[in-house]
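*Asks:* In order, the protein sequences belong to chains A and B.
Under the numbering used here, the letters of the first sequence match residues 1 to 402, in that order.
Under the numbering used here, the letters of the second sequence match residues 1001 to 1595, in that order.
In short, the hints are calculated from the structure, not lab data.
Here the structure is a predicted model, which is why all the values come from computation and not from measurement.
C-beta: ideal position from N, C-alpha, C; glycine also.
A few of these clues could be false.
Stated by the list, open to error - Distance windows between CB atoms, simulated:
(1) A:K167 <-> B:L1564: 50 to 56 Å
(2) B:N1580 <-> A:Q254: 31 to 37 Å
(3) B:A1570 <-> A:Q356: 19 to 25 Å
(4) B:S1460 <-> A:T323: 46 to 52 Å
(5) A:P79 <-> B:L1564: 30 to 36 Å
(6) A:Q361 <-> B:G1464: 46 to 52 Å
(7) A:K55 <-> B:S1460: 51 to 57 Å
(8) A:Q356 <-> B:E1355: 44 to 50 Å
(9) A:Q316 <-> B:S1460: 56 to 62 Å
(10) A:Q361 <-> B:P1520: 19 to 25 Å
(11) A:P386 <-> B:L1594: 41 to 47 Å
(12) A:K343 <-> B:F1524: 21 to 27 Å
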Amino acid sequence: MGYIIYLRNNKANLFGLTPPNQLYILKLLSGLYIHIPYCRKACIYCDFHFSTVHKNKKQLLLCIQNEIALRESWLPKEPLESIYFGGGTPSICTDQEIGGILDLINKHFKISSNCEITLEANPDDLTREKTKALKQMGVNRLSIGIQSFFEEDLIWMNRAHNAMQAKACIENAQDAGIINISADIIFATPLLSMKKLEENLKTLIAFNIPHLSCYNLTVEEKTGLYHQVKTKKIEVVNDDQASVQFYFIRSYLQQHSYEHYEISNYAKPGYYSRHNTAYWQGNKYLGVGPSAHSFNGTSRSWNIANNEKYIKLLSQNELALETELLTVENRFNEILLTGLRTKWGIDIAHLQSQFQLQYSQIATTLKIMLERGELLLHDNKLSIAPEYWVMADGLVASLFII
Amino acid sequence: MKNIRNFCIIAHIDHGKSTLADRLLEYTKTVSQRDQKAQILDDMDIERERGITIKSHAIQMDYIKNGERYVLNLIDTPGHVDFAYEVSRSIAACEGALLIVDSSQGIQAQTISNLYLALENNLEIIPVLNKIDLPGSMPEEVSDQVVALIGCKYEDILRASGKTGEGVYDIIDAIIDRIPPPKGIENAPLKALIFDSVFNSFRGIIAYFKIVDGVMKKGDRVKFVNTEKEYFAEEIGVLRIEKEPRDLVKTGDVGYIISGIKAAKEVKVGDTITNVADPCSESIQGFEDVKPMVFAGIYPVDTDDFEELRESMAKLQLNDASLVFEPESSAALGFGFRCGFLGMLHMEIIQERLEREFNMTVITTVPNVSYKAFLTNGDEVIVNNPSDLPDPSKTDYVEEPYIKAQIITKSEYMGGIISLCIQKRGIIGNQHFLTTDRVELNFEMPMGEIVFDFFDKLKSISRGYASLDYHPIGYRESHLVKLDIMLNREPVDALSAVIHRDKAYDWGKKICEKLKELIPRQQFEIAIQAAIGAKIISRETISAMRKDVTAKCYGGDISRKRKLLEKQKAGKKRMRQVGNVEIPQSAFMAVLKLD
C-alpha cells in the first residue's frame, strides 16, 4: 500500500494545483493510459470510442507501440506510478499482446516498483487461464465491467457476458492472486429494483472487492439508448428515484467500510484508484491509442477517435494529436470540476493564492453557497456537502469563470 | 433644373426594388459591373440579411439622352409601416415614383398606402411590373390591378426584370420623359427639405436634403427652422456612389450637408433648411415630431453593464433619432431603460443593433402601447409601462390607442383573417375585392393587439399571402386590467401586462404554462402565479430538480466535461435572478409566443 503514503505526502498536489511553472518542482505521479478501441458488442449506453470490427487489431496494436516509442519524452523522466489499459475492452487482447505492450513501455519508460497496472476487463474474457497469464505479464489490478449480477439487466444493456460469468470472473481473478479488483455496476436502469440493487451490492461485498465504481445510467448522445429514449421506446428512471438509489448505495457501502471518495467511486481503505485519482488531482498522464487523452500540466491533447486514420498516421510514425492550450480560467475551472467531485475537495488557501483574480470573482457566490450549506469548508478544504453530491454539476458550473 | 429628375421607388418587400435599383446604377454607368455587389443601397448588414430597407438613401445618376445630360436622383425609402413618416418625407422630396409590383404576386397593402401618399403629393407614377422572367409571372392580371388602382392606361405599364435587365432602359426613358422636372424658384431664399440623416463617426451627422427653392452654397450660415439651430455649411455636395463635395447645390437637386452636428436628434426628418442671412418666409409643410408607438424595457443581462448600455443606447440614438429612452428601474431586472419605438420592427432592429454593433446582450420586456388612465380626481396619466397603471380604485377609466388596419390577401384566407382580427378585438369595416381573388379588408382594432403576436399569426394563417398596413385613429375607452405574474409569491414587474378584462383569464393561464416550459427546474419548487390585483387566477408549479450530475468524468477527457459545464454556466449567465428564481432571457418575451 505504498502509494497511499505517497498520496498523503503530496497533499498539496492532491488538494490544489500549482501553476505550470511550479508543477515540475513537486514530485508528481505520472500515469500512462492505453486505449484499446475494440468491443465484442456495443453496450446500449456507451459513447466511448470503440469498434466491433476487429480485422485491423494487430496493425492497430503495432501502431500503439509506435506511439509509445514516439512519445517517450512526453512525460518527465520519472517512474510511471500507473499504467492503465482502458477501452473499449482491453481484455479482448491476448495476454501476449498485453505483455508485448508492457515490454515496450518498459523499454521507453521507467516503471515504479509498486506501479499499479490496471486492465479493464469484461467478465466473459476472464477465464482461469487468462487471469493467470495476465498476472504473469505484470497486470496487478483488474477493473471488471460487472454492471449487474442479473441476467435481464445484462440483456437490457446488451452486454457480452451473462450472470454466471459475472460471478465466475471474480473467483478466477482472486484464485489467480489478483485481489486488487474494481467492479463497475450501473444503477438507475429500468429493470433494476431497490431489492436487486441491494443484492448486487451484497454480492460484491461478499466477494470482498476493494473498489467499486457505481455509475448512474447516463443517456449520452449518439448511443442506442439515446435513440430509444428519444423515440420513447425506453423510459429512463426519473431523477427522484435515481437520487434515492444514489444515497442508498452510499449509506449501504459506508456501512460496509467503503469510503465514498468520488461521486461514482467507493474504496476500502487504501484502495483508491490510483489512475483515476490522478485525473481528479490534475496530475500528468499520457494517453496512447485512438481517442486517448493526455495532460501535461499546461495543455490537454487527444488522439483522433478513428481507428483507420489512427493506423494510417501512426504507421508512418506521425502523431494523430490535437492539442488545446489551457487558459488560466480553463485551469481554474478544471480544478473546481475535478476537485469538487471528490471528498477531499480543494485546498482553498491554495486556490486563493494561485488564482487571485479568479478567486475574487467567485468569492461572493462561494459565500452564498456556503451559507446555503451546498458547500462545506473544513480545515481550508472546500468540498460539496454530501447531500448535494447529486447536484454537483450545477453547483460546479455556477462557480465557473467564463 | 429642367434636366433634373427626382424619383423614389414604391414596392413591397421582396418585389425586387433593390435589385432593380442596382440595375439602374449599372445601366447609367454609375457603378461599373465590376464594383457591383448585391444591393448597393442597403448597406447595413441587417438590411442585406433581412432584405429590407431601414434607412432612406439617395443616389445620383447621370444619363445622356438625345444629346442632353440628365441628372437622376433616386431616393430609396424604407418599406415598412414602422417608418411611414420617413417614407412620407422622402416622397415629398420627389416629383415621380416608380411603382414596382412583382408580376407574380400582385399589389400588397403596404404598396397601396405608399402609393396613396405619392398620389397625394402629386407624384407622377410609373408603374413597372417586375420579375416578368419568372414562370409564375401574371402580367395581364397584375396590370388589371394596377389600372384599377391608379387609373393609368394599360400601355403605360412597363415590364422589366431586375434579374435579366430586361426593360431597364425603358424605365430610364420613362423617368426622363414622364416625370416632370422640379418646380422650384431659383432666385428665392433657400428652402430645403431634410428627408434623412446618417451618422458618421468622423464627420458627425450628415443630413440629406432636396432643395425646393434657392441654392445652397458651401460656407453658408444655415438654419434648421423647426429646431431653430444654426450651423455653418462646412461641406455640401451631391450623393454619388460616394459623397461628392460641391461648392453649390442648385434648386431642385438632392444633396448632403455636413455641419459638425453631433447628435441625430438635432436633425429632424421633415425639417426645413434655410439661409440665416436670407431666410424663407415659411417652412415646408408636413413636418412632424415622430412619436413612438411601442414601448418596452431594455435591461442589461448583467446588471453591472448598465452604464455600458446607457452609452450604447446614446450612441445608437446619435444615428437613430426615432429611438427614445429614459432610465427606469424594475424590481426584477434592476436598472434599465424604458424605450419608445416606431413599431415592432424598429424594436427588433434596435435590439439587434445593440447586439451586433455594441456587443450588448439585453433583456427586452414585453412591449406595450401607451395607455391613458383617467383618475377619479380628474387627472390624466400616460402609462408607458404596465407597472405604472394606477390602482383600479383610483381609476375612473382607461383608454387605449386604436388603429385602422388594412389587410390585402387572397380571398381564400379571408375567413381565417377575419376571425383572427375579431379574436384580437377588431371591428370589421368595409371590404372590397381588388380582383376576383384579392380582397382588401379594413378593421379598427386596438394597437396593443398588434403589438403582441399579430404579424406572426397573420403570416401563418395566410401562408405569407397577406400584407398589413395601419395608422393610428386615436384613443378609445377599454376595460383593461393589469395582469401580474408572481414567482414563488414575488411579483415580477417586468412580466406584468395590460390586458383586456375578457381575455385576462385565458391569458394568465397560457402565460403560466409558457413560463413553466421556459424556466428550468431549480433546486426548489417554483410556483408560477398569475394575478389581477390580489386575486390569483392561474397557477403552475415547477417541481424541484433532484439530480444534476454526470456519473462519469469521461475518462481522461476533462476538456469535454469542462466544456459541458462551461456551456451550462453560459446559459445561466443569460438568466436573471428574481428573488431566488433564475429566469432565462427568453421568458421575458414569452407572452409574445403564446398560442
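*Asks:* Which numbered hints turn out to be false for this structure?
*Replies:* 1, 8
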